[in-house]
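Enquirer: Chains as they are written, first to last, in my numbering: chain A, 1 to 327; chain B, 328 to 588; chain C, 589 to 855.
It is worth saying that the hints were derived from the structure and are not from the lab. Treat each hint with caution, since some may be false.
BS3-like cross-link-like pairs, simulated, lysine-lysine; straight-line CA separation at most 30 Å [stated by the list, open to error]:
no. : chain 1 : residue 1 : chain 2 : residue 2
1   : B       : 428       : A       : 93
2   : A       : 96        : B       : 428
3   : A       : 37        : A       : 20
Computed footprint of chain A on chain B; a stretch qualifies when at least three of its residues, placed anywhere within it, have a C-beta under 8 Å from a C-beta of chain A [said to hold, decoys possible]:
no. : stretch
4   : 342-353
5   : 374-381
6   : 522-531
7   : 559-567
Even for Gly, the Cβ is constructed at its ideal location relative to N, Cα and C.
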Amino acid sequence: MESSPAIRIRNLSKTFVVTKREAGLRAALRSLVHRRKEEVRAVDGISFDLAPGEVVGFLGPNGAGKTTTLKMLSGLLHPTSGELAVLGYRPWKREKAYLRQITLVMGQRNQLVWDIPAADSFELNRAIYRIPAADYRRTVDELTDLLELKPLLGKPVRNLSLGERMKCEIAVSLLHRPQVVFLDEPTIGLDVTMQRRIRSFIAEYNRRNGATVLLTSHYMADVEALCRRVIVIHRGRLLYDGQLSALVRSFSAHKTIVVQLGDCQADLRAYGEVVSYEDGRATLRVAKAETARVTGRLLADLPVIDLTVEDPPIEEVIERVFAQEPK
Amino acid sequence: MRVLRLLFVFVRVGVMSELAYRANFFVQLFESLLELGTALAGMAVIFSHTATLGGWRSDEILALVGVYFLVGGAIRLLIQPSMEQLIESVHEGTLDFTLIKPEDAQLLVSLQRVEIWKLTDIVLGFGVLAVALARLGARVGVRQAAAFAAALLAGGVIVYSFWLILATLSFWFIRVENILMIFQSMYEAGRWPVSLYPGWLRFFMTFLIPVAFATTIPAQALAGRLTWPTLLGAAALAGVLFIVSRLFWRAGIRHYSGASA
Amino acid sequence: MKELRDIYVQQFKTSFASMLQYRAALVIWLIGHILEPLISLVVWSAVSRSSGGSVGGFSAADFAAYFLVLMLVNHATYTWVMFTYEYQVRQGTLSSVLLRPLHPIHSDIADNVSSKLVTLPGMLFVAAILIVVFRPAFHFVPWAMAAFLPALFLAFILRFLVEWTLALAAFWTTRVSAVNQVYFVAALFLSGQIAPLSLLPFPVRLASAILPFRWTVAFPVELFLGRLTPVQALTGMAAQSAWLILSLVLLRIVWRAGLRVYSAVGA
């Protein structure tokens, strides 16, 4: 039996009109009289469905259209064209019955009141969402347990660290047990441990409550940890919608090693593909399986001041992977 | 009803935010007393040279001072902080959090910030009014009291709508905070009866930046000087402005959401 | 000496640039500045009208003249150092100011003068409007005009020194705003900003003459309006000079004490 999708998008587009500004005095004066307008297609005809209870990663570089899509899904932005339905509602109408069933978490933006303990911000949301007392208590207990909030709730939000604040932000947004959860870069700016904590929380929450989760990120690790299905967006267009494992195979084929060398001129081609080499700072691309071995050799052979191993940036991977694919 | 419940919740948040800064209460009290002292001393100097000011007796001017503090306190307690926060949230994008809540956004933004210590101004205003009423004595009956309440309500709605319209401008323009400063300066002029000012300024203070409705007209009601046409006019203006500000607010939200006009 | 000149030139450039940046704020500020003298003017004109045309030697037109000149003299002499120092202490930037080789008062003076020069056209514009609308009555007395500029200059320096010394309260307490408030209220009454001093009760006038307030604002105004006799003018300038010396002495004492307190706390 096929149930209707929680989120249904067909050919969704969003175009912004921006005034074009150039540098220089003459351009500034000209703009007083005649403003040049330019159309920017932030989202350009995307389509996908989300089944209830799915956790899907929405991946793409900065400016790809992820946040714009999320804002349209949560009713904050009106689409320019296309079809859009979430839980059967048209989000941009912002009907109260709809808003009660969704939530939006934005990394780097706070809704918690700064000077008071998080628990009191919770109370504020309880009043606004009209959450019955018994449900509220149950939800708060569950979230406190899952997110380890006990020591944090009594402290004023301004005294919390960035990671602790993010946990509370996520908690406050889930008090009303929304069926659909939109997360916009929730782990941005957090340290690795906290990122992992939040990822595992989202997975657990989805397991327990069956909420549909759409998570945007430009960190591959977020998506890897949470989503079987991933949608890749770039310049407003969908590049990929499918199983993560297939994508991972292309992504994780390589790693990037950035090494800062002391005074020496070495030929690094023996270690891997040299992407750049300037002022003693080299960027190498090596096969994932080779990473440990190459790193060891670099450290043994050369005067290394600093060395980091990174995933290739998404932009590079997307360019590579999809430039190679015949469309 | 719903509005009161939400107001209570936001007041609670406001109180809790400030409880950490108890010293601020004393600072506020000190400042308010100083401001009141200045106003009263200024009055004393003026009335040492004349018995009436533009036809107003000293007890009537005292009532005006009381209204000035009362209304000023109410504005600085709720209207001003909430509207300033609205402007900030438009620029920082945190307005999104408000828009995603299943509650009327205008209601939420209008109650969102309460500067609880400004209550001292309101209390002081009531105190001054009480003294003025004692002096006005027999001249204030039920009719005057009712007219006063109505004028205060109308004035409050007018000032709120005006501030909302100004704050809504921030959906289109960036440096709207500066315009708010004009209201501050003009409100100072409200300490004296509007009738003192030259015609063009009186017009400005009544219809462009509605200070007159906030202070002079309620004081007139208390002094028994308020005519029916004026009170009805104030009520009508309050109704019209409230509707206009709501429509403008909705237009602002549509613009913010990128809805095609 | 060259350092001093450089500082002043630099400060001028910065003030000009920032004024040009914040044009809208400037217009708002101007509107606020029209309202101040306007309100006082209107109120006192009403008083004079209900007292048969004049009050204490001031007709409505005289009041107009008084508050107009007051506005300009106030603009020429006012400072904002008390706010600056309170802000710097709160932000913790005072230390870097103190580390500079030159006494901080110089950059403060430069900032003050340059900002005023930039806003002077606006003030003159406002003055012109007020003259047209309220038709103030001026009684120009030649010698008083000649004496006005030196008196204004003395008033400026005196007020600057007094307020700068008070600003140093920031070394001792974070609640400087309370100190500022008291000072401003006192200045409001005692320097003739609420009403011409001759209209205030005797104790107030006495306090105003003993304290520097009369000599920082009211005195130059009265001089310009030709309301003082030559003797009064001379005594006035003598009082200004006396207070100038006194305030210089006070400043040095407070400055040294302040530095000691500040460094003791560990900055």
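Enquirer: For every hint, state whether the structure bears it out.
Expert: Structure-based check of all given hints:
1. For a cut-off of 30 Å, the pair hint linking residue 428 of chain B to residue 93 of chain A stands: about 13 Å separates their Cα positions.
2. The straight-line distance between the Cα atoms of residue 96 of chain A and residue 428 of chain B is roughly 8 Å, inside the 30 Å bound, and the hint therefore holds.
3. The straight-line distance between the Cα atoms of residue 37 of chain A and residue 20 of chain A is roughly 6 Å, inside the 30 Å bound, and the hint therefore holds.
4. With a threshold of 8 Å between beta carbons, the proposed coverage of the stretch 342-353 of chain B by chain A holds, since 4 of its residues qualify and at least three are required.
5. Three residues within the 8 Å Cβ limit are the bar, and the stretch 374-381 of chain B against chain A gives 0, so the coverage statement is violated.
6. Counting residues of the stretch 522-531 of chain B whose CB lies closer than 8 Å to any CB of chain A gives 0, which falls below the minimum of 3, so the coverage claim is violated.
7. With 0 residues having a beta carbon nearer than 8 Å to a beta carbon of chain A, the stretch 559-567 of chain B misses the requirement of three or more and the stated coverage is violated.
In summary, the numbered hints that this structure violates are 5, 6, 7.
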